[in-house]
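**Q** Sequence:
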Amino acid sequence: MAKSFFGTDGIRGTVNTESLNSEIALKLGLAAGKIFTRGDHKHRVLIGKDTRISGYMLESALESGFTSSGMDVFLTGPIPTPAVAYLTQALRADLGVMITASHNTYEDNGFKLFGPDGLKLTDEKQLEINELMNRSDIMSLQDKNQIGAARRVDDALSRYIEFAKATFPNTMRLDHLKIVIDCANGAAYKVAPMIFWELGADIIVIGDQPNGRNINQDCGSTKTQSLKEEVKSNNADLGIAFDGDGDRLVIIDEKGDEVNGDHLLGMIALSLKNKNLLKNKNIVSTIMATKSLENYLKSIDLKLIRTKVGDRYVIEKMLDIGSNFGGEPSGHLIINDFSSTGDAIVSSLQVLSLMIEENRPISNLTNLFPLTPQKNYEFKTENINNISNSFLEELSNKMNEKIGDEGRVIIRKSGTEPLIRVMVETDTKNIGEKLIDEIKLSLNHST
Numbered sequence: 001m002a003k004s005f006f007g008t009d010g011i012r013g014t015v016n017t018e019s020l021n022s023e024i025a026l027k028l029g030l031a032a033g034k035i036f037t038r039g040d041h042k043h044r045v046l047i048g049k050d051t052r053i054s055g056y057m058l059e060s061a062l063e064s065g066f067t068s069s070g071m072d073v074f075l076t077g078p079i080p081t082p083a084v085a086y087l088t089q090a091l092r093a094d095l096g097v098m099i100t101a102s103h104n105t106y107e108d109n110g111f112k113l114f115g116p117d118g119l120k121l122t123d124e125k126q127l128e129i130n131e132l133m134n135r136s137d138i139m140s141l142q143d144k145n146q147i148g149a150a151r152r153v154d155d156a157l158s159r160y161i162e163f164a165k166a167t168f169p170n171t172m173r174l175d176h177l178k179i180v181i182d183c184a185n186g187a188a189y190k191v192a193p194m195i196f197w198e199l200g201a202d203i204i205v206i207g208d209q210p211n212g213r214n215i216n217q218d219c220g221s222t223k224t225q226s227l228k229e230e231v232k233s234n235n236a237d238l239g240i241a242f243d244g245d246g247d248r249l250v251i252i253d254e255k256g257d258e259v260n261g262d263h264l265l266g267m268i269a270l271s272l273k274n275k276n277l278l279k280n281k282n283i284v285s286t287i288m289a290t291k292s293l294e295n296y297l298k299s300i301d302l303k304l305i306r307t308k309v310g311d312r313y314v315i316e317k318m319l320d321i322g323s324n325f326g327g328e329p330s331g332h333l334i335i336n337d338f339s340s341t342g343d344a345i346v347s348s349l350q351v352l353s354l355m356i357e358e359n360r361p362i363s364n365l366t367n368l369f370p371l372t373p374q375k376n377y378e379f380k381t382e383n384i385n386n387i388s389n390s391f392l393e394e395l396s397n398k399m400n401e402k403i404g405d406e407g408r409v410i411i412r413k414s415g416t417e418p419l420i421r422v423m424v425e426t427d428t429k430n431i432g433e434k435l436i437d438e439i440k441l442s443l444n445h446s447t
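Each residue of the sequence shown is one higher than the last, beginning at 1 in this note's numbering.
Fair warning: there could be bad hints in the mix.
[To be verified] Here are the in silico distance ranges between beta carbons for each label pair:
| # | residue 1 | residue 2 | range |
| --- | --- | --- | --- |
| 1 | Asn383 | Asn211 | 54 to 60 Å |
| 2 | Glu357 | Asp218 | 47 to 53 Å |
| 3 | Ser299 | Lys434 | 26 to 32 Å |
| 4 | Trp197 | Asn385 | 43 to 49 Å |
| 5 | Asn383 | Asp123 | 23 to 29 Å |
| 6 | Ser60 | Thr381 | 29 to 35 Å |
| 7 | Gly200 | Phe391 | 34 to 40 Å |
None of these hints come from the bench; they were simulated from the model. Bear in mind that the values here come from a model prediction, so they are computed numbers and not experimental data. Where a beta carbon is used, it is the ideal one built from N, C-alpha and C, also for glycine.
Please model the complete structure; the sequences and the hints are all you need to start from.
**A** This is the structure in structure tokens:
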């Protein structure tokens, strides 16, 4: 049976296990290199990475696969995922690869792939690569006369810094704003502080001492307690937490409270609408966006379009319907006038520009609508493959019938971890708790 290497966001797994190792990296380079060396031009691939210690090992194996396929390899070193998307376009590369496991801890790693347009590869293109990776003769498909070279892109960071700064209004500066930045000991640890400092902010930086093993460790967008404390103790105007690869952000307001992702989406949507900068009335998010956001957008004459979970699906839908703004409540925000993928630094600059325009604190700007309470539960299992999608769909339908008009239930497999994610959205606390307990029981019986 052919192995499926790809999940919802590229390839991801625990390093030096059957889910992710040097052999898989080599095969990925060989297979993707074979597919992206079509045509007569000189072919090139750009490879970036975050700060995980396993990045060295995987980068070397990946480089070997691509050069064996005849592609020239451009290496950037540690750099955010959106920088890879941008530089893939800017350097006219055929492919971009980011070595990262995003918000996961250092034991995991993976690969995100971008086409020459800076967009993440489609399911169809990933399937094509997957099929080649499964071929027993993958090592013999290469042309002995076509071998590529590798080189470092010494100005990769400075190129991205200038790109990001250019998305901030050139009539504005960040003077008089005190900002705490949490770089998650990850890919943004060099570029983020430089960008905010060059724009004039008074910055306090945490999570900027990566050692290969501390990425996302008690820091970053999934662990914001230290950032909240720093914001309060320094009387800062704002806190910004990035995840390990710099495509996702969490905002902490001046009170030390986390800004809800749906409120961020609503705030930016309203701002773009008021400036007549929306291409149409459609705002794209995922099934995880709340009913509250949907109702708020409707109240300002906008429409929420939902997709599967994953910023890749949000972007695909945006392109399909001609929308220029969307994102996930988890913090992937996409303004495709600027970026072809989620970019936490660019998104945070848009939030800051709005604060300056309105001359109001972030807590005041985001308090747009009351949120329907959500209960989230993660069911961890080593037997994730034994739980079928059809079973989860049937269970989800059953729970939604029970909750009726009082809310909604989403039950899905994580695309990046061995988890079943459950979300119950309802104003009625007892109903939410009862349904969670019932879902737990059903999932336990299924394994």
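**Q** Does each hint fit the structure? Answer for all of them.
**A** Structure-based check of all given hints:
In this structure the supplied range 54 to 60 Å is violated for Asn383 paired with Asn211, their Cβ-Cβ distance being about 34 Å. For the pair Glu357 and Asp218, the supplied restraint of 47 to 53 Å is violated, since their beta-carbon distance comes to about 34 Å. Checked against the given bound of 26 to 32 Å, the beta carbons of Ser299 and Lys434, roughly 31 Å apart, stay inside it. A C-beta distance of roughly 47 Å is found between Trp197 and Asn385, which places it inside the suggested range of 43 to 49 Å.
Separation of Asn383 from Asp123 is about 25 Å and conforms to the stated range, judged on CB atoms against 23 to 29 Å. In this structure the supplied range 29 to 35 Å holds for Ser60 paired with Thr381, their Cβ-Cβ distance being about 34 Å. Checked against the hint of 34 to 40 Å, the pair Gly200 and Phe391 fails, with Cβ atoms roughly 54 Å apart.
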